[in-house]
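Q: Next come the chains, spelled out residue by residue.
Number of protein chains: 4
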Amino acid sequence: MRVGILTSGGDCQGLNAAIRAVGKALYEKFEDDVAIFGIRDGYRGLMEGDYWEMSPRDFSGILTLGGTILGTSRQPFKEIRGPEGSQSEKVEQMKKNYKKLRLDCIVILGGNGTHKTANLLSGEGLNVITLPKTIDNDLWNTEMTFGFSSAVEIASMVIDSIHSTATSHGRVFIVELMGHKVGWLTLHAGIAGGADAILLPEIPYNIDSICRALQQRKRSGKQFSILAVAEGAISDKEAALSKKELKAQRAKMTEPSLSYRLAKEISERTGNEVRVTIPGHFQRGGSPCPYDRVLATRLGTAAAQMIQDRHFGCMMALQNQKIVPVPLGEVAGKLKAVPLDCEMIQSARDIGISFGD
Amino acid sequence: MRVGILTSGGDCQGLNAAIRAVGKALYEKFEDDVAIFGIRDGYRGLMEGDYWEMSPRDFSGILTLGGTILGTSRQPFKEIRGPEGSQSEKVEQMKKNYKKLRLDCIVILGGNGTHKTANLLSGEGLNVITLPKTIDNDLWNTEMTFGFSSAVEIASMVIDSIHSTATSHGRVFIVELMGHKVGWLTLHAGIAGGADAILLPEIPYNIDSICRALQQRKRSGKQFSILAVAEGAISDKEAALSKKELKAQRAKMTEPSLSYRLAKEISERTGNEVRVTIPGHFQRGGSPCPYDRVLATRLGTAAAQMIQDRHFGCMMALQNQKIVPVPLGEVAGKLKAVPLDCEMIQSARDIGISFGD
Amino acid sequence: MRVGILTSGGDCQGLNAAIRAVGKALYEKFEDDVAIFGIRDGYRGLMEGDYWEMSPRDFSGILTLGGTILGTSRQPFKEIRGPEGSQSEKVEQMKKNYKKLRLDCIVILGGNGTHKTANLLSGEGLNVITLPKTIDNDLWNTEMTFGFSSAVEIASMVIDSIHSTATSHGRVFIVELMGHKVGWLTLHAGIAGGADAILLPEIPYNIDSICRALQQRKRSGKQFSILAVAEGAISDKEAALSKKELKAQRAKMTEPSLSYRLAKEISERTGNEVRVTIPGHFQRGGSPCPYDRVLATRLGTAAAQMIQDRHFGCMMALQNQKIVPVPLGEVAGKLKAVPLDCEMIQSARDIGISFGD
Amino acid sequence: MRVGILTSGGDCQGLNAAIRAVGKALYEKFEDDVAIFGIRDGYRGLMEGDYWEMSPRDFSGILTLGGTILGTSRQPFKEIRGPEGSQSEKVEQMKKNYKKLRLDCIVILGGNGTHKTANLLSGEGLNVITLPKTIDNDLWNTEMTFGFSSAVEIASMVIDSIHSTATSHGRVFIVELMGHKVGWLTLHAGIAGGADAILLPEIPYNIDSICRALQQRKRSGKQFSILAVAEGAISDKEAALSKKELKAQRAKMTEPSLSYRLAKEISERTGNEVRVTIPGHFQRGGSPCPYDRVLATRLGTAAAQMIQDRHFGCMMALQNQKIVPVPLGEVAGKLKAVPLDCEMIQSARDIGISFGD
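Residue numbers (our numbering), protein chains in the order written: chain A, 1 to 357; chain B, 1 to 357; chain C, 1 to 357; chain D, 1 to 357.
These are calculated hints, taken from the structure and not from any lab test.
There may be inaccurate statements among the hints.
Remember, identical chains collapse to one label, so a pair may be satisfied in a single copy or spanning two.
To be verified - Here are the computed lysine-lysine pairs in the DSSO-like style, where the Cα-Cα straight-line distance is at most 27 angstroms:
id, residue 1, residue 2
1, Lys222, Lys29
2, Lys322, Lys334
3, Lys218, Lys29
4, Lys116, Lys322
5, Lys243, Lys99
6, Lys247, Lys322
Just so you know, these numbers come straight off a predicted model, no measurement behind them.
Can you build the whole structure from these sequences, using the hints too?
A: What follows is the structure in structure tokens.
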């Protein structure tokens, strides 16, 4: 049994825990009858044939390690250095190296972009099994991706910490969290951190509505407010624009970051001092939280089982507390956004959190 | 609308987050038309009429606070100081105070023991809504209780930390975790912390089997081993005894703590130096993790909704990612143990973790 | 004995621990014979007579609390809302309220700006004792200020976390830390976090020198580099300008933040992808670390002792492991910068850390 | 230049950070002209000639790693497995291997026991430089040892966490911390964690005095108390015994652990429920705190400088904020206990903390 493994896209917590689980479970199942190939820097390594044969030692002591021992690269058909050429040429390169390595299967750990390519490779006849990793938790057909809970912990800790400064100074604080297209991370961290307003890409905000919520808090005696804002949140005015108009408008902005623009608007309208915090890549680094370690381990051992069963072309997913395989075609290209009527949003509204709408 | 609220049993993380959610949601729903009574120290306060009328201020700033602002007491029909007498007399006292306060409903936060009494009070005609709190995660009909995830985080952190000492000294370490009857906490923390063996109350262990696993690790070049042990784990020999015999045997022991006995046995059989760590109450203290804050908030706001709907006699539960009401009769007196064939145990076995069986 | 207490300037960790120590020690010393007045929002409260008489309850349970229960405000002679007028009029207002409250002493917790005003008030005949608080550790005549160690812990954790992403992606990361004028925080966090280059306000950097250091790391097989950068670091070219020229040049910049400018320069010169992280106010929030709690407690109890001894006009300082009083005149207006020849810089250079010079 | 390096005694945080600093600084100073030999498991490896030649790679990525990559063993002249025989025979073995390896110097990281042997080896003509590591901070002639601050952080976190349970239940909690002979760790963690009583080996406690302090807290409305207790604390009655009598008395005890005995006594005398927590080896594991990383780095680079200067026979120490060499003879065999009249104890008393005396 010859198995390749690669991690693609932005790194997140739990990648090494998942790699470890795949490797350890394969050795338990096949003992000496398995060769595992670590492919370097995601699809780049597959295109360029950059890999090494891993040993049991490689999988030891990495459970709590952040990042990925395999390295990663983003967006396979854009940024990757390596063979020039069209997408189909790149796919051919990957197929060639898959065959050259005589792989029985390739395990791919990644998020939304990664799954498109994985599905494409599966369609080309490669045996592919994927694991859902992303701090965005935006993969369709799985209740949870690893990395998400760890990112929520960091984002919540930042909001917690800002609380003390906010309380002492009587200011408005904006904490800008990761999430270009979906707001799961901001929604969870916002509730967990006790934010007073939460702005999500899924719910266009109205600046007057936000300022009203802030003023109302002030009237009720609260000297400070904290806004948890997804980096991809948009205003109702922007939401009304066409994609082209939006792009044109954004190109003209001197301050491209949402939270700085928002800070300016709020400050001008309410007279409040507004401060911005952007934890950035800090959200995707460091040791995975225990939940992510357990989830990554379960997903990884389930992948090894699928390999033994020669059940390919699927993503391992969490559904109703169980790990199940989901056909790649039902995952690739779909985005799991926060439903507007979801119970968590209602719960947040019930305790007075504003969504700026 | 007059609502009482009490916390009963051992404290855990997330109690204040849940209390806050109930209170804030009730004020949002009923504004000035609600009076919330904080009942002190669990059922003791209800029996003795020890309470205060809470104000919005009481619910502010407690989201991240460990413990319970209401105080708690254990086992209502055993330890409680207060009116002497039989169980029925105590129940009468509670009914009397419920009526004296003219409550529309009482919200009770607790674990297994608490739910028996809550169900009993509900049967006596009181309007009861409960929230599932326990670090054991052993309540029937809910996928998760708050407190559990926070305890897993602390227990995992202790195992993580022991790892470095274990590696440096080449020893066997036993980390004894909470869990008299069920092993959820030990199972999760054991996997998350990278334990080499996990002993649960649900799976009687064989001492020879454990020692074999330790020796095998040594032969494969690993100088140390870590055992995550639930305080209620039992040996296969003990499991074969009647309750009476077991009790008699335990009464004779000079060292009542499982992990110290285990350490002695392993040390004698393998010649290894064995060290014991018992984090104890540290596991149930401190600030709730973000997951528990969100879960407690969702459960609390759902309870407020039930109060508005006058839907009583139920525990709010997490089922398939949603918060739903479950009749108290379907919860009380039942214990959610770890199923022997559950996927997590299989996953752990797949990466070589021994359960000592 | 009538004592006022106020906190001024940016908040930091340990303020409440210090307030608690002053209060508890005064009650222990004078029992019922002391009245403590909490003055709100720093010098603003002293100017406007905004205060409350504190009770023992106020000092309980705040040891681990971030921020300040007294509130704070920045720069007394610029931003404070309240009575208009010249500096001398403001000082008169403060003296008036001090007398109106019949204070025996006022305890002032603050950093560099705060000490100028404290010294001025002392010169006007007020009995002043100060405690050194700042995350910058830039107060003269004390080896350590509280807040600093906690900020170092947070900044180090951010760098730690960035490490995993940096390793996985093979990028250059800039972590911008607080410190406009001095680099203590960046120096400590940079060494503790294992940064590869550290840029301080005290050591003007040369962009070519930085890029050379990055390239050399790459040649030695290291795929990533982390730069810990104080927000006030300046280039050698800027250092050669007059203050006026520098101001003019900065006014023209489209990107005012140092780390974004630096990222652009490095990226253009080396072709590396460069990412920026700015933890911002996160560095001064949250619970104080144990070191700061102990230091704040020692400083607070020493202040109470000075009050009992009626020894005023001084800052409590840490010198050679002991808490000693230092005359305010020897502190105010002086800045403790990182000496270029200090042992820590030499130690950092010895392990290959570049200072960009 | 040929340098050996070993770590001896109980492991603690910061060992790898110090090893890294020594190694990196030696490579910076001597480039290819240095060979560093990692000696396994402390003095055992030196006796048995168990070592490997380290490479720059060995020193990379270990700054934040707990434990020691070199392994360690305790008490060289008692427990070490290996060549049987008298102390002098063992010393001869070590000298032989030192010479066989043609070492210019051996760097030894350890605590009190380690320094006796290091001094002995130095007396035998070996070139020895030591670094002070211990969570006890009990080494003479240095203000601080690495490992101590990290252990204080963990111990404080445990007390913090216990606070919430204690508050909720109205109980007495005993947290037993490491420290057989000295109380620095318990003193710092006790103050930082807000303990109500602190028992140290240096201050014999009187059980009636402790109970009085607890009762007085209760009368003042505090429902709970937390005792931070060093494992080596003794009662005034025990302190009055001769060593022989004390040993005889302890041999008769059914419960050898101080905190369980104390719990029983307090419970019997006051009627309070008392719970015990023993974090144990958790205190010396995990990643070093930033302070310890910086201290270990400074000590390690200073050791490399001493090697370059061929200044041997000394321990690197922190004195008055500077790293200085101290002759081994002035360190070995001396214990730095907490002075009864030290300012920290006075500070703790000033805020009402009882020392049980």
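Q: Measure nothing new, just compare the shortest in-copy and cross-copy C-alpha distances for Lys322 and Lys334 to 27 angstroms and report within, between, both or neither.
A: So Lys322 and Lys334 pass the 27 angstroms test inside a copy (21 angstroms) and across (22 angstroms) alike.
Q: Using 27 angstroms as the alpha carbon limit, work out where Lys222 and Lys29 are close: within a copy, between copies, both or neither.
A: between (59 angstroms within a copy, 20 angstroms between copies)
Q: When Cα atoms must be at most 27 angstroms apart, do Lys247 and Lys322 count as within-copy, between-copy, both, or neither?
A: neither (42 angstroms within a copy, 38 angstroms between copies)
Q: Cα distance capped at 27 angstroms. Does Lys218 pair with Lys29 within a copy, between copies, both, or neither?
A: between (62 angstroms within a copy, 20 angstroms between copies)
Q: From the Cα coordinates, with 27 angstroms as the cut-off, is the pair Lys116 and Lys322 best called within, between, both, or neither?
A: The answer is within: 24 angstroms in one copy meets 27 angstroms, while 30 angstroms across copies does not.
Q: How would you label the pair Lys243, Lys99 (within, between, both, or neither) given a Cα cut-off of 27 angstroms?
A: neither (42 angstroms within a copy, 62 angstroms between copies)
When the structure is compared with the earlier hints, violations turn up for hints 5 and 6 and for no others.
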